[in-house]
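Student: Line by line, the protein sequences are chains A and B.
When you read off a place in the first sequence, starting at 1, and then add 11, the result is the number in our numbering.
When you read off a place in the second sequence, starting at 1, and then add 147, the result is the number in our numbering.
For the record, the hints were derived by calculation from the structure and aren't laboratory data.
Straight-line alpha carbon distances no greater than 25 Å define the calculated BS3-like cross-link-like pairs of lysine-lysine that follow: (1) B:K194 - A:K155; (2) B:K319 - B:K194; (3) A:K188 - B:K194; (4) B:K366 - B:K391; (5) A:K219 - A:K188; (6) B:K194 - A:K185; (7) A:K253 - A:K155; (8) A:K155 - B:K306.
From a predicted model like this one, the values you see are computed outputs, not experimental measurements.
What follows is each chain in one-letter form.
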Amino acid sequence: MKLYFCDFMRTVNELQTIATQVRRDILRMVYAVKSGHPGGSLGCADFLTALYFKYMKHNPSKFELTGNQEDVFFLSNGHISPVFYSVLARSGYFPVPEMATFRKLNTRLQGHPTTHEGLPGVRVASGSLGQGISVAAGLALEKKLNNDNSTVWVLTGDGELQEGQIWEAVMFSKHYKIDNMIVTVDFNQKQIDGSTGDVMGITELSSKFLAFGWEVLEMDGNDWNSMDTVIPQAQAKLGQGKPIVIIMKTEMGQGVDFMMGTHAWHGKAPSEEQMNNAMAQLPVTELGDY
Amino acid sequence: MRKFEILGSKDTRSGFGAGLLEAGQADENVVALCADLTGSLMMDAFKDAFPTRFIQAGIAEANMMGVAAGLAIGGKVPFTGTFANFSTGRVYDQIRQSIAYSHTNVKIAASHAGLTLGEDGATHQILEDIGLMKMLPGMTVINPCDYNQTKAATIAIAKMHGPVYLRFGRPKWPVFISEDTPFVIGKALMLNEGTDVSIFATGHLVWKAIEAGHILAEKGISAEIINIHTIKPLDVEAVIASAKKTGCVVTAEEHQMNGGLGDSIAQLLALKMPTPLEMVAVNDSFGESGTPDELLVKYHLDSQDVADAALRAIARKV
Chain A
12 MKLYFCDFMR
22 TVNELQTIAT
32 QVRRDILRMV
42 YAVKSGHPGG
52 SLGCADFLTA
62 LYFKYMKHNP
72 SKFELTGNQE
82 DVFFLSNGHI
92 SPVFYSVLAR
102 SGYFPVPEMA
112 TFRKLNTRLQ
122 GHPTTHEGLP
132 GVRVASGSLG
142 QGISVAAGLA
152 LEKKLNNDNS
162 TVWVLTGDGE
172 LQEGQIWEAV
182 MFSKHYKIDN
192 MIVTVDFNQK
202 QIDGSTGDVM
212 GITELSSKFL
222 AFGWEVLEMD
232 GNDWNSMDTV
242 IPQAQAKLGQ
252 GKPIVIIMKT
262 EMGQGVDFMM
272 GTHAWHGKAP
282 SEEQMNNAMA
292 QLPVTELGDY
Chain B
148 MRKFEILGSK
158 DTRSGFGAGL
168 LEAGQADENV
178 VALCADLTGS
188 LMMDAFKDAF
198 PTRFIQAGIA
208 EANMMGVAAG
218 LAIGGKVPFT
228 GTFANFSTGR
238 VYDQIRQSIA
248 YSHTNVKIAA
258 SHAGLTLGED
268 GATHQILEDI
278 GLMKMLPGMT
288 VINPCDYNQT
298 KAATIAIAKM
308 HGPVYLRFGR
318 PKWPVFISED
328 TPFVIGKALM
338 LNEGTDVSIF
348 ATGHLVWKAI
358 EAGHILAEKG
368 ISAEIINIHT
378 IKPLDVEAVI
388 ASAKKTGCVV
398 TAEEHQMNGG
408 LGDSIAQLLA
418 LKMPTPLEMV
428 AVNDSFGESG
438 TPDELLVKYH
448 LDSQDVADAA
458 LRAIARKV
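Bound conformation, chain A alone:
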């Protein structure tokens, strides 16, 4: 299978294959250094595969920090760097073998994404939570000032919505009619200390965004049909004066049975036995391991 970075005709089978390989990459990166965040990465593997290999118009082979005239993605919940690095490498931003350097000394693939070592595909550092929507809104505003009709995407965690800055950015985006930005909330309802409901309830999420004047859509981020329905709906709402949010239900650890249904794999590497078990559930694809 050839990989085109942007292909609106890409089939579900192709996307599924890429996502399986992305999941292998995630686990192999985390396992190699016995650190990193596999749970949320696995949960968002399908969505980021859909964005980077189907829906975003972007230019991986000629990375420009400014992102002028192309769709741009920001990862606000920077701890799920493994999935980000995998889709960046697999779509052509940097060599696939470089994934072997993840979290190692002198790597461009730092624990949390950064521009500091010049990794193509990353436009701002993230990891300290709550900052991504503000930065995305800034770039979206810059695109408006430049009459650039491309889209700014940003992914945030749901636990991350507990940060106050998020709601400053949500208010700002409505006030300035940032309608060239699509925020996706990874609604897996889990965070480090447990379920979001137990740690700090973020109830009535859709109503909150609606009350702030946003367009709100809901989607299953682990279901290709749901994504193929809702992402185009979100894109159709661009340019209508309102910021757009997709509340995306995902399963933390999706694709590896013993990592699902628990918050335990937020930031933990598997043992050798667990790794073998996980790899057996995600057979290597024609894309091949790094």
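We have chain A; now place chain B onto it with these hints.
Tutor: Leaving out everything else, chain B in the frame of chain A:
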């Protein structure tokens, strides 16, 4: 001691406002953000001239810093405007991650710094901001001394790439730097050559250092007065050369001793050329309400304090 002509009495924040307008006229990529303090920051002229390039961010400074970072990623040259307190302590992590570590081209314009904010009191009189900002790798830190220098500094930082913290103040203050004095980032400005003591001063305290120079001259003491407007990167050569010539040093600033200009110069001299040094700065204390002049006297930042520190430094020479 050289005579300094007082060219007027103006607030440094107005120098920022004038510089911002000029920077905006010179480069259409210059944009400005403000957190509900447009009048206080003197940003109205820019706002009126370039309404689409002015972004009112509301009382939400953390978001303002992130939005500025995003604008800079796309190629704009954003200036954020709010009080020094809300430009630093309130948003330190946003600056650290989205601006300093990401090396986004954001200019943080911080007004009402220090005790001379006056009557509003200690909640607003930040005395820790230079330290907070200079600790961030890659951050340029500038504290100009009068209206003309603040205006020139504003224009200069718009032309350089990289994050900058520009600190200025509220009160009317003597204008004594001529309009045509070039502003070179990172280059100390020699104000008076002398032989007995080196006084390195920044911000409003530069004028106090000049007044101290006259007090010292009456006692027959020749003070070298150097304006360190750029605290980071520090003009290492100028500091070493002057300290070598005079053999003792005084630093003067409207900031805590911890983390300020004196701290930078003490570190440099301790490492390269140990030299007797006295600091005029706030000594581990918050400020309080009062007029700027009353506060400078009470917290020992007045001209007489600078002169006394010079005498102490001279007495320590071997």
